[in-house]
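Got chain V; can you put chain H on it based on the hints?
Just so you know, the sequences run in chain order V and H.
So the first sequence is residues 34 to 312, counted in our numbering.
So the second sequence is residues 45 to 308, counted in our numbering.
Just to be clear, a hint being listed does not mean it is correct.
If the Cβ cut is set under 10 angstroms, some of the chain H residues that face chain V in the computed set are [said to hold, decoys possible]:
#1 ARG140
#2 GLU145
#3 LEU162
#4 GLY163
#5 SER211
Now the in silico label distances, taken between C-beta atoms and shown as ranges [stated by the list, open to error]:
#6 H:ASP119 - V:ARG200: 49 to 59 angstroms
#7 V:ILE207 - H:ALA123: 24 to 34 angstroms
#8 H:ASP119 - V:GLU176: 52 to 62 angstroms
#9 H:GLY80 - V:LEU293: 49 to 59 angstroms
#10 V:ARG216 - H:LEU304: 39 to 49 angstroms
#11 H:ALA274 - V:SER152: 53 to 63 angstroms
#12 H:SER78 - V:ARG216: 24 to 34 angstroms
#13 H:ALA224 - V:LEU293: 36 to 46 angstroms
#14 V:VAL296 - H:GLY189: 14 to 24 angstroms
#15 H:LYS82 - V:VAL296: 46 to 56 angstroms
#16 V:SER142 - H:ASP119: 22 to 32 angstroms
Stretches of chain V that chain H covers, calculated by requiring three or more beta carbons in the stretch to come under 8 angstroms of a beta carbon on chain H [as the list claims (entries may be wrong)]:
#17 204-210
#18 238-245
No lab work stands behind these hints, which were simulated from the structure alone.
Keep in mind it's a predicted model, so treat the numbers as computed, not measured.
Think of the CB as a built atom: it goes at the ideal place given N, C-alpha and C, for glycine as much as any other residue.
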Amino acid sequence: MTDIAQRPVVSIGPRLLAATLRLKVPHGRPWIGWIVPAVIVLAWQVAASLGWIADAVMPSPYAVAAAAWRLTLSGELPQNLGVSALRALAGLVVGGAIGLTLGLLNGLSRLSFSVTDTSVQMIRNVPHLALIPLVIVWFGIDEGAKLFIVALGVFFPIYVNTLHGVRSVDPQLIEMARSYGFRGWLLFRRVILPGALPSLFVGLRFALGVMWLTLIFAETIAAQSGIGYMAMQAREFMQTDVIVLSILLYALLGKGADTLVKVLERWRLAWHPAFQAQH
Amino acid sequence: MASCLPSAALTPMSPASFLVDPSASLTLRGVRKSFGAKTILNGADLHVPTGQYLAIVGRSGCGKSTLLRMIAGLDEPSAGTIEVAGLSTGRARLARIMFQEPRLLPWARVDANVAIGLGPAADHAQALTRSRDALATVGLVDRAGEWPSTLSGGQKQRVSLARALVSAPRILALDEPLGALDALTRIEMQRLLEQVWLSNGFTAILVTHDVTEAVALADRIVLIDHGAIAADIPVPLTRPRQRGSADFARVEATILERLLTSAD
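Okay, chain V solo, but in the shape it has when bound (with noise of 0.2 angstroms):
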């Protein structure tokens, strides 16, 4: 009789991954994807350069950039950039946390989901952004404001993707935690939060998406400082350098928002075959 037990272990799996992996070329090349908007800023500076394109309808990303160098020296570009972020973070913290505790409670408990989806789902219907106006007669148009408005706006993504992350645990899963008496806080905390952790993490995403948009929304209409009221100045002044330059640091800081939670994907979700495959 062969004893199982002592056989080597001969794994195809690995070699075959690292085998399709080669043919991934972006693999292990992060820069990669900044080939594009390299090519693209280097045709814009021609362009401008050449005199395609006159100079009050789009400066060209020299001149974006000595905008951005002028107002780094005079500190408007660093104090409006802290303010916005600062706006967007606490937004994002205070509508995350209602979000994220309102959707484990109503994915765990059935009484609190009978009870208070029903609203959650017609006030979800209206569009967040239509509310500015009765923030503002509300709030006026001060940092409470664009606080409610993006917490406002973030709960939704995070509270539906965290019922949706929590109802969707494997329960065979569960039933086998239990019969080694796993229960309570330790199921919740070893089984079910793990389990639904890949779908929070969609919703943040989600929800980092909707805290610009609003941030910018809420800063363009009414605000005394931020990225949005920068760029809402420069405009009465035609300054479209420091226009160009506040849309550019948006989609910056889109992406290293992005990029941030990536890293913490990775770093979480190591587990997860998808992200196996990326290392």
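The following block gives chain H in isolation, referenced to the frame of chain V:
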């Protein structure tokens, strides 16, 4: 919980750990189970002595899995009593179940998955040491630090066996654990199951619809039909059993015939 267990149960798995406490018998008295108006199991009486390997066979939907789930403490009978080692309560702690699916937590490494078997109160460092011992029993100690997704189906099922064994259960309930494996892996797993049973001495209850598997492993085969025990047949074969032998084929034919006649 684990901290309340006698110290004998906390020592790493050793072949003698069950001989210390010989009581691992299982007794069912008038066990009934019904879901609403539908009766799945209608009064089962069964006594399984310590260390016996019992196979429960029957057609799909005959109530054999329901019976096993009650033995493992996942469900409670509608009427009647189930006693493990003379105790009618707390059998979930004394009996472990191995499911048809491996049910490994994909977000926990292989050794952490095995440590789940020690329950939530287990000491972390000690749990990992015992997990490695259990993994060595199933021949997977070198995969302890890997994610379950890198294992094959048969390896996953071996990890799930290690998880069931790590707490040194008195009764191991097996709910068609090899049903999803290919023929070759199946035979290897059957040998492994026989080997750990022989060295650990627990009472094994195997639910299967594969008669060959039942004859290869069990000391005794119970046939369930329409929610009742229809036959109770001993398997008088010596171990290790030769699948091709005339005796093996004869027992197999007897069981199959009983199954087929009970069909209508």
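The hints, checked one at a time:
no. : hint                                    : in the structure
1   : ARG140                                  : holds, 8 angstroms
2   : GLU145                                  : holds, 6 angstroms
3   : LEU162                                  : holds, 8 angstroms
4   : GLY163                                  : holds, 4 angstroms
5   : SER211                                  : holds, 8 angstroms
6   : H:ASP119 - V:ARG200: 49 to 59 angstroms : violated, 23 angstroms
7   : V:ILE207 - H:ALA123: 24 to 34 angstroms : holds, 27 angstroms
8   : H:ASP119 - V:GLU176: 52 to 62 angstroms : holds, 56 angstroms
9   : H:GLY80 - V:LEU293: 49 to 59 angstroms  : holds, 52 angstroms
10  : V:ARG216 - H:LEU304: 39 to 49 angstroms : holds, 44 angstroms
11  : H:ALA274 - V:SER152: 53 to 63 angstroms : holds, 56 angstroms
12  : H:SER78 - V:ARG216: 24 to 34 angstroms  : holds, 27 angstroms
13  : H:ALA224 - V:LEU293: 36 to 46 angstroms : holds, 40 angstroms
14  : V:VAL296 - H:GLY189: 14 to 24 angstroms : holds, 23 angstroms
15  : H:LYS82 - V:VAL296: 46 to 56 angstroms  : holds, 53 angstroms
16  : V:SER142 - H:ASP119: 22 to 32 angstroms : holds, 23 angstroms
17  : 204-210                                 : holds (count 5)
18  : 238-245                                 : violated (count 0)
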